[in-house]
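Asker: The primary structure of each chain is shown beneath.
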Amino acid sequence: MTAPLLEIRDLSVSFAGRHGEAFEAVSGVDLTVSAGELHGVVGESGSGKSVTMLAVMGLLSPGARLSGSIKLDGRELVGLSDRQMRKVRGVRIGYIFQDPMTALNPLLTIGDQIAEAVRIHRPQVSRAQSRARAVELLQLVAIPMPEKRATQYPHEFSGGMRQRAVIAMAMANEPDLLIADEPTTALDVTIQAQIMELLEKLRQDRGVGIVLVTHDLGVVAGAARSLSIMYSGRVVERGLVDDVFAAPHHPYTKGLLGSLPQPDARVERLRAIPGAPPPISARPAGCAFHPRCGYAIDICRAERPVLRQVGATTVACHRAEEVAAGQAEEMSVHDA
Amino acid sequence: MSVIAAPKARRRVFLPQWATLPVILGGAILLFWIVVGITIPLWSPYEPTMLAGMRFQPPNAEHWLGTDALGRDVLTRTLYGVRHSLPIAAMVIVCAVLIGCTLGAIAGFVGGIVDSVIMRLVDVTLSFPPILLAMAVTAALGPGLGNAAIAMVIVWWPIYARLMRAQVLSVREREHVEAAVAAGATRPRVLVKHILPLCWSPIIVNATMDFGQVVLLVASLSFIGLGAAPPTPEWGQMISDGALHFYRWWIAAGPGIAILSIVLGFNFLGDGLRDFLDPRSK
Amino acid sequence: MSTYILRRLIAMPLLLLGVITVAFLLTYFTAADPLTSIIGERQMNNPAVVEAARERWGLDRSLPERYVIYLGNLLQGDMGTSFRTRQPVSQDLMVRLPATLELVIAAMILGTTFGVVLGVLAARFRDGPIDNIARFFALVGASAPVFWSGLLVLFIFSVQLGWLPGPGRIDSRAIAPPFLTGFYTIDTLAAGDWAGFRSVLMQLILPASVLGWTVTGIVSRMVRASMLDVLGQEYILAARAKGAGPLRVLIHHALRNAMLPTLTILGFSFAYLITGAILTETIFSWPGIGSYAVAAARGLDNPAIVGVTIVGGAAFLITNLLTDIAYALVDPRVKLSRQEGA
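If you read the sequences in order, they're chains A, B and C. Residues in the first sequence are numbered consecutively from 1, following my numbering. Residues in the second sequence are numbered consecutively from 337, following my numbering. Residues in the third sequence are numbered consecutively from 619, following my numbering.
Please keep in mind that the hints were generated in silico from the structure rather than gathered at the bench. Each residue gets a CB set at the ideal place from its N, CA and C atoms; glycine is no exception. Possibly wrong hints are sitting among the right ones.
[Said to hold, decoys possible] Output of the computed footprint for chain B on chain C, the stretches with three or more beta carbons under 8 Å from beta carbons of chain B:
hint : segment
1    : 679–688
2    : 756–765
3    : 916–924
With the hints as constraints, model all of the structure from the sequences given.
Answerer: Written as structure tokens, this is what we have:
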């Protein structure tokens, strides 16, 4: 079997606090993405999903401490110098940001910004060629009148068009992997669907592997083949989308699914998970989810569960079997 | 999404939060000058306007900063100089703040034609480069430290008027003011009791920062010959003397360093104060 | 934004009129008798001479009359005749304007270049030693009296080290280049006089550095602040995610955006430069408007003072307006709204 496209093993990232103490934003994360696969990474804000992706890009702030392994096509990225990483960023991995309003430089034309992505890595390409390439890329992401659009500034684009431009920029050097960090969150619902459609098309036509980071299980449901659920800096459940959706083994996953609008079910109200995720500086002992968990028992407060295979998915929960099987101790005990 | 910045570990054990290095440094410099200004007649070995020895002596054990073209002690004159600079600067700032804030408060509170007249006056005054207007006014009034001070008040009051007006306009909208009006308080009472007390802090910060600039402008006018007249030991005047003999660098060095240190002191203080009061600027 | 500029354009003539009025009033309320400086102390006892002088300078008219006369003359470019040089003030100013402009522009170039470099470095190495040194250097520049720092650099670089020439706009042994623009740097080049150009440039270095240093501080603080702001923006991260190198990110992406807010303070720095130019010119015996203003103020030369004050005020107003327009031209977002407005 060939090496997976992206393989993250036991990745931890910590930041120094105000008084020199360390805060761990990401703890022992494993993640595997195969070539041409769309993998969803789901979690609330603060769950460490964005930090994980920035770690892959080598774009964490200088104060961050990082351990573990990140392999791209079998090549270790952790420990590479910035100079070496620059040959990975934009070439092997394209990055799509959450908010296309802020991810584009307001003073440069769209065409220039896309052409720049080409010329940084291939200085031998002439200005005219790179500009032609920019137009071609705008066409690829289905922006009408690409020649005219290339000469315009970001503020002349609508939100959806901007996100397309950002995707074009990420695709400039035909990367093997796209990391899309909440690519649709800042957009209107109908535009979200179009962008997801575009990403799916790129995956099929160009064979690019995609990591889709989102807080919205619904976005993943339609697009991803496999997914990882993150909570408080750790992966709590992962597996194929179909398996996880059919039989969630982690109470958090179950809660997320419960909070989805379900047109076919008779559940009328959205069941939100009670409480809020713990701040990075004050994680509870044991399972980080136990204060919000309807299944929590003594062992959950004392001992941190490790990932293990249960049924079709891999899950980190002491009571995964009961969660998958039982309806008895439903989370709706906390109706507030 | 933002990268979580790692805040720099920084420990201060004994000092309160406002006591940053610039504030301490600035405060120390200013304290030094204030103490010197008050006590200098008690311990100075020479008189500022009396001959103290041979002319044009370079710095030596007897005269630490040498003597000038007339044989007066440069250090003594430099230290005495603060007795002119600081009081005049203080006077200018106080007058400018009082006049500016009064007019600014009236403009902001009364509004209408009064506001327009006052603010157009402010606009026109601020249309001049400060030193040019100060020069022209001083020249019109006649040279002298007092007239230079008046000129500087004329140059400076609009800054505070503008600041105060903006403050009053924003405070006026607050609920407690509207409540006072609704309760039937008279207009002057509303202004004095309910609005003005909330307007002072930015004025005070600004005044501190302007202090150094006023010291600099006083010296500039004296240097040009519009401020202090010889033999007053005023810094600008002394540098003007020194410029005639600039190969003897020490004559101007004393007053030059004095101005630099005092302006630096106020800038340090103002800078630190602003960092403390407005964390965004850091 | 376009309506804002339109409003500024409309306000300009009114503000100029205000400037002229203030300047004129100042001369009317003069305490000292300008006659003294026209005809000298000795002739003051001679009524015939005094009367003739009053007549000639229009000093015996009433305030409104003199104001109207002055305004009318001003419209024809006539600012009266200097008591001191006995030349038309406008002519005096025209002759001296290029010298001042050359100095101020050179200082602006030096000061902003250094300010931008210092500001970028300070932002890049935030809170490190470079940041602190830059901050200190900038503060000293803003705090040092130019009329002393000018003396000091003259003494060090000209007298002691002999690296640079002494005061003056041109080497004392040389003659001025043939008049073309009045800018000696341009005129010497136009005349193909390379040695002259070099000499003129050398004369310019010290005063321009001393003057430029005063704005270095303002510019570097502003650049630092807006750089820090811009560096936190997502498009900076996006540029790095494209694989852009640190220098490219810093200059091409960050500095470009950070220069926008910096533009707005260039007008403000110009006020500093005018203040500084008056004193710098006096120290470096630079034959510009600044030294003319000082001489006029010292000699109670009313028409000259008023002339300089008006020109200074006008220059100040125009620079601030130009800053606003430049801002509108540079920022594509503003440019668009202007096109839509048109």
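Asker: Confirm or reject each hint.
Answerer: Hint check:
1. 679–688: It is violated: at least three residues are needed, and the segment 679–688 of chain C offers just 0 whose Cβ sits closer than 8 Å to chain B.
2. 756–765: Since three or more residues must qualify, the claim that chain B covers the segment 756–765 of chain C holds, with 7 doing so at under 8 Å.
3. 916–924: With 4 residues in contact (Cβ-Cβ under 8 Å with chain B), the coverage given for the segment 916–924 of chain C holds.
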